[in-house]
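4 protein chains.
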Amino acid sequence: MVRLGAYDGAQFQTARAMSTLDLSSQYEAVRGASLVACEPLAIEDYVIQPMADASPPKWHLAHVTWFFEIFLLREHVPGYELFNPGFEYLFNSYYNGVGEQFPRPRRGQLSRPTVAEVMDYRGYVDRAMIKLLEKRVEPAMAFKITLGLHHEQQHQELLFTDLKYNLGNNPLFPAYHQFKRSAARQPEPLSFLPFAGGIHQIGRDSGAEGFGYDNESPRHDVLLRDFELADRLITNGEFLTFMDDGGYRRPELWLSDGWTRVNDAKSGFTAPLYWRQIDGKWHEYGLSGLTPLDLNLPVCHISAYEADAYARWANARLPTEAEWEVAATSVMTSGKEPAGNFVESGQLHPLASEGSGLQQMWGDVWEWTSSSYAPYPGFRPFSGALGEYNGKFMANQLVLRGGSCVTPASHIRSTYRNFFYPGDRWQFSGIRLARD
Amino acid sequence: MVRLGAYDGAQFQTARAMSTLDLSSQYEAVRGASLVACEPLAIEDYVIQPMADASPPKWHLAHVTWFFEIFLLREHVPGYELFNPGFEYLFNSYYNGVGEQFPRPRRGQLSRPTVAEVMDYRGYVDRAMIKLLEKRVEPAMAFKITLGLHHEQQHQELLFTDLKYNLGNNPLFPAYHQFKRSAARQPEPLSFLPFAGGIHQIGRDSGAEGFGYDNESPRHDVLLRDFELADRLITNGEFLTFMDDGGYRRPELWLSDGWTRVNDAKSGFTAPLYWRQIDGKWHEYGLSGLTPLDLNLPVCHISAYEADAYARWANARLPTEAEWEVAATSVMTSGKEPAGNFVESGQLHPLASEGSGLQQMWGDVWEWTSSSYAPYPGFRPFSGALGEYNGKFMANQLVLRGGSCVTPASHIRSTYRNFFYPGDRWQFSGIRLARD
Amino acid sequence: MVRLGAYDGAQFQTARAMSTLDLSSQYEAVRGASLVACEPLAIEDYVIQPMADASPPKWHLAHVTWFFEIFLLREHVPGYELFNPGFEYLFNSYYNGVGEQFPRPRRGQLSRPTVAEVMDYRGYVDRAMIKLLEKRVEPAMAFKITLGLHHEQQHQELLFTDLKYNLGNNPLFPAYHQFKRSAARQPEPLSFLPFAGGIHQIGRDSGAEGFGYDNESPRHDVLLRDFELADRLITNGEFLTFMDDGGYRRPELWLSDGWTRVNDAKSGFTAPLYWRQIDGKWHEYGLSGLTPLDLNLPVCHISAYEADAYARWANARLPTEAEWEVAATSVMTSGKEPAGNFVESGQLHPLASEGSGLQQMWGDVWEWTSSSYAPYPGFRPFSGALGEYNGKFMANQLVLRGGSCVTPASHIRSTYRNFFYPGDRWQFSGIRLARD
Amino acid sequence: MVRLGAYDGAQFQTARAMSTLDLSSQYEAVRGASLVACEPLAIEDYVIQPMADASPPKWHLAHVTWFFEIFLLREHVPGYELFNPGFEYLFNSYYNGVGEQFPRPRRGQLSRPTVAEVMDYRGYVDRAMIKLLEKRVEPAMAFKITLGLHHEQQHQELLFTDLKYNLGNNPLFPAYHQFKRSAARQPEPLSFLPFAGGIHQIGRDSGAEGFGYDNESPRHDVLLRDFELADRLITNGEFLTFMDDGGYRRPELWLSDGWTRVNDAKSGFTAPLYWRQIDGKWHEYGLSGLTPLDLNLPVCHISAYEADAYARWANARLPTEAEWEVAATSVMTSGKEPAGNFVESGQLHPLASEGSGLQQMWGDVWEWTSSSYAPYPGFRPFSGALGEYNGKFMANQLVLRGGSCVTPASHIRSTYRNFFYPGDRWQFSGIRLARD
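Quick mapping for you: the protein sequence lines, in order, are chains A, B, C and D. First residue of the first sequence: 335, per our numbering; consecutive thereafter. First residue of the second sequence: 335, per our numbering; consecutive thereafter. First residue of the third sequence: 335, per our numbering; consecutive thereafter. First residue of the fourth sequence: 335, per our numbering; consecutive thereafter.
What you were told as hints is all true, and nothing was included just to trick you.
Identical chains blur together in the list; that is why a pair holds if it fits in one copy or across any two.
With a straight-line Cα cutoff of 25 Å, these simulated SDA-like cross-link-like pairs (lysine to any residue) come out:
{"no.": "1", "residue 1": "K600", "residue 2": "R440"}
{"no.": "2", "residue 1": "K600", "residue 2": "E434"}
{"no.": "3", "residue 1": "K600", "residue 2": "R584"}
{"no.": "4", "residue 1": "K600", "residue 2": "N430"}
{"no.": "5", "residue 1": "K615", "residue 2": "Q435"}
{"no.": "6", "residue 1": "K600", "residue 2": "L424"}
{"no.": "7", "residue 1": "K600", "residue 2": "G420"}
{"no.": "8", "residue 1": "K600", "residue 2": "D758"}
{"no.": "9", "residue 1": "K600", "residue 2": "Q435"}
{"no.": "10", "residue 1": "K600", "residue 2": "N426"}
{"no.": "11", "residue 1": "K615", "residue 2": "P508"}
{"no.": "12", "residue 1": "K600", "residue 2": "Y423"}
{"no.": "13", "residue 1": "K615", "residue 2": "Y423"}
{"no.": "14", "residue 1": "K600", "residue 2": "Y428"}
{"no.": "15", "residue 1": "K615", "residue 2": "L424"}
{"no.": "16", "residue 1": "K615", "residue 2": "N418"}
{"no.": "17", "residue 1": "K600", "residue 2": "R583"}
{"no.": "18", "residue 1": "K600", "residue 2": "A386"}
{"no.": "19", "residue 1": "K615", "residue 2": "G420"}
{"no.": "20", "residue 1": "K600", "residue 2": "S427"}
Hints were generated in silico from the structure; no laboratory data involved. Please read these numbers as outputs of a predicted model, since none were measured by experiment.
Only chain A is shown next, with the shape it has when bound in the complex (with noise of 0.2 Å):
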């Protein structure tokens, strides 16, 4: 009675090409894809929050429209009246400047408000954007909106992520569509890659066209040694290797704290999140259901203290996200876009390396990178309550690079910067090996 294979990833067609829209269709475009995303879902679906991080798709179906109805809607609108002024504590994520938030590990215990009552606070948010819209809107507003569409899209990749925690740790092992793919061909051996040091330009310049996150300005000089990059991911051939040489075993290919979550008594690290050992043989999950593992596809949804192993194992190094960038931009001919394997290829699953070259920058997997997530020399956070947006999360995290299969094409930039804590292994991560 769950509708299966609706989804197949041509609907976010769309709003991939967003940059050349006006922003009213941009907002048509990105706000329908959430949706679409969500067609698959049972109601049930919808409601449960299976860690503390995994938010449920209902809670963020109603809190990036939240963020348009307190940043945009209620300051610039006279008169405007909240859809239901419980929905301001209910859906703040962690904007302080706002207010008191409802506890994040308590999401998954809300059946209230409904789907449907969601569903009817997004038309109720969406209309009156719309005729927001129709209106002259100045740059600071169109700024917001923006920077709200982004914010979507970062919550269409976690809808993803989340969803799959959900039905890949039911016993059931249920798939969210149905999707045939072909088996993948063994890639080439890995080789490494050589990039120049010296002094290179990394991050946006504040004052360049288009959106970025302020975490990626300014743009400014980094000081690069000689480097090489592995061609391509590490698969998840390799990794077993890796896993049958004891890697989970062998407490000096490891870091201090990585060794205490490998031996975690509650949650300890035996295999990457979705493997599952069944009778003996290995399978992943993946969000076309369970299937046994495709040595040729890349590890994936590792945290990066399985990455750190698994390259000091190999005698390599993980890349700082400097050599990353500087390696990415060097393989786009300038003005292209990052091309790769995003959501709106329909696989939402990463796909294996094919051909030579510098292969997978872009998509399949994010990219851990040795590097801590922190300010760029002279950042300023944007303004006001969005000032939480990026900066206060500098500590403790890593940047990981390139977005993932479930990330949204139009979403991605060669300055992106995403971040996790080095534990989290329910995003879409996996290896790229650095070497001096």
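Fit chains B, C and D to the supplied structure of chain A, relying on the hints for placement.
Leaving out everything else, chains B, C and D in the frame of chain A:
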């Protein structure tokens, strides 16, 4: 969009007459009542588990069905095929004799099976059960079916209490049903009724007609001293006087373990579970919503620690279960059934005492006793895996007596022993005083 | 450098004769025995608290002194100056009536006052007490002094059990004293002795001579059924048979809460507390060190859950406290004192049963009963702050009877009720079976 | 009875001259200083562990000895017999390469070995080491001995900080030593000194003379922008102004993880670790006892979160470690050693700034930087089990620079990198501001 008011208790009336029905009709009546109780629910309400003890309605509906499938159909119907083999694990509550169980605190982390699938499961099992019941049913099988129905009635009560916990902790305070209660009149001042000590008999004769749980037997002698029992339950107003007298801040009134709970940093007690202070005025959440506290209604949703502290403050004590049973049977005309404010009244909330004499012994709220839940002398558990039904919980819990406003009337007896941990508050539990 | 062998129990003999001594001599005997028990200790042993329940010896020595200072000297000696005003807070165990308490789990985080300072504290208080005792002591004061002495005897027992927990969990397994036990002979096969039911009296007459705690009174009628009691304690060998029969892995043998404890990820039970398997052979730690397990000695340091599981496995049950008391008094020649392996024997370990008839009722190990620790009908706590002595613990605990090999003989009575949580194991607790 | 005043820092002077001594004399000087630091201790002070991070002095004394026994004596002295084979496990801190470790949080649960036994252990190992040092010592061995001495110096500092945590959390506030500080004069108003950006070199040349840890190398280029550094540390008075301005209650000043810590239900931050408000007046605990807060002294014992929040409030930021090192070396006359308020001053407390120019870079308090503790480009860990010394901690920690008032002067260098978690407060850690 959530339908309110559908529930009015009338639908439980058929099931009430259970003892006069044949087994098939009983089966249909009880099974049907579970669905009726769920009618006002939104799909979302079926799914969540707001705390470890409060299981999702969906889980209750499936688990009671599992009981029939595992203990009846699989055992007695040759060639019977399980609806879904994964359910044996998913919906086993605590029967180690049957196998492993899905962890209780994670019941709210399952969006699948959906509600519709659970309803299909019920239909599948019901059809097989009806068929089974059409044939000659042997006594042993009849017993297990009857047990299954009483088991389902227990979960009907839990369904209400768990749902109340869900909705009552939602900041929006949604109602389960619409119910207009006329203002309660002030009860008569509390008075104590005397009962003579000596050797009495309590418990249930194992060979008695009708149904009884193993923990109610055997009937046996107890030696009581003369005692007095309060003629009615303690009211909200009386409990508020205790609170205003510093009840929650005076350690000398509390058992040591209770004082620890009162002062728990995270979940300390400061008032009954569903009392909410809004702008300095006390309100109480009930299944028909949040309303100003009615001082004349019985206090409800308190732990045994609070009941005990109140009793000490009032220079009284809680009754033992033997005292309670002796008193309760003394006012029952032989052969009469318990009469009171049970689930069939449609109130789903305790009512004020009216009149005089021994009031409110039945229904309204479960009455904490001072008796530890322990085996009666000569206790014999049910045989086989069903032996896990009651006996293994005979540690650390206290007995409650008399049923509540969400107990099906046909489920209760004067010998009925309910049991919860002294710190539990999410059941409809209240205070009856006793003294020497 | 740590002196071994100093303790041999002889020093407790003086205190044993307590009932024949005047109050001054009793005071000196009991206070002196506390110091004697500490003689073999290194300073370091006085300081640490290896778990929340096991307080440092230094704390015991100070707390029992605090009792006399706060309840006697401060109240009855005009102009008495506290030794150190900070001690009122530091050494208050749980008397809310006296004031705030230093948190129990942090008792082992205090290096000051030093042991020498605590000894000074004892000397200071002792001098004042001796002076007080030289004057005419009124009955109320005499009662409080006697209570203080029995209180100190309780802490003498705790001192041994807490110290055993410390040393027995040290990987070096240091001994408290040197003691050469000759190998125990195999006891006679277990047999059950019959006792007649009917109305019996248990408990202590409030007006009786000598000392008794409030929780032992009043003496009252109980109604018993015919029962049988095992003639001796369960041995290590018998318990090992239970283990070899899968005792710790068979859920059907366990109370639900016990099964949870057995399977606790951090501190699950797999054997009695001080059993250690070394190279495949069982050893037991005792206060004279680690030795191969003696199968003929009573099993010791088990929880009530383990005792209950063993009983179920053996088709028996634990006795109620009333059964125990009736049986124990039946074999005491009127007026005789309990005789058994108490602290005065110098063994500090349970001994094997010898002979026949009802053995080992006194000393060796505390015997778990199935009785919840609850007030006797008509129970009246001590008055004032001393009312917190016993009554407030009457929740969630079980009664143990008979004393142990570290109990001072003059401390025990047939009506004596000890109480611990069913999961506690660090006391010398063992198994006596009963059956209907 | 606890001897006060014995410590005055003079005894560390010999060790200070380390670089001019031969290895034997260095060994004796450093090993002796550990004992001198312990002289004022009562036996009891050696034993306890007031929190998981603060190990008992006894453990420190044994662990540094273990280092010499395991890495030097066992490896290089044929036929060497371990003092006690059990110590290999008991006193291993974190070297997985050596074997299992006794759990860190339980170090304070060991009363044995006694202090006297640990002193015997030191003597035993010292005698063997002296003998070893009398022979020709090869460079590789000399390196390990030197490492062992620097290791011991680190633990000398920890011994002071852990002891302060013990005594400073004792409600009696005992002092470690008597020290009369004259009242500090008010420092000059804070001013910022400019430093030029560009390519600088930091870190230590692997081939350089003298000792350095692996994490300080290799020396490498860094690219800095022009920056300014505060000429002195932030004072208690300045921090109090921040507090009075609502510093601990304004989320916009805090990193998200810091805000979580501030609001932790159990151990939330409301002031620096050793500040105590008594009758409305702020006091500060120091190793010479509790005294009224001196507003002119540097603020001390704060987390990086508090330092960062203060900096944000002051419109400044924390320096990077490269900025710090560039500034520090700019004011060192080549070849000169760091001079400041180190352990040798006998103060054991930070002192007020006097004069102008770049003050207090050395000693007083460790200065939090904004730099994550990460490998320098080209980092190579020590070989063998010693490779666990530094590298494996390169996650989630921040670098601190400059040493403190309990650091031995001969232990510090301009390239020295200390590291702690951003929430740690029990080290002598304070604030130096920077800005662009």
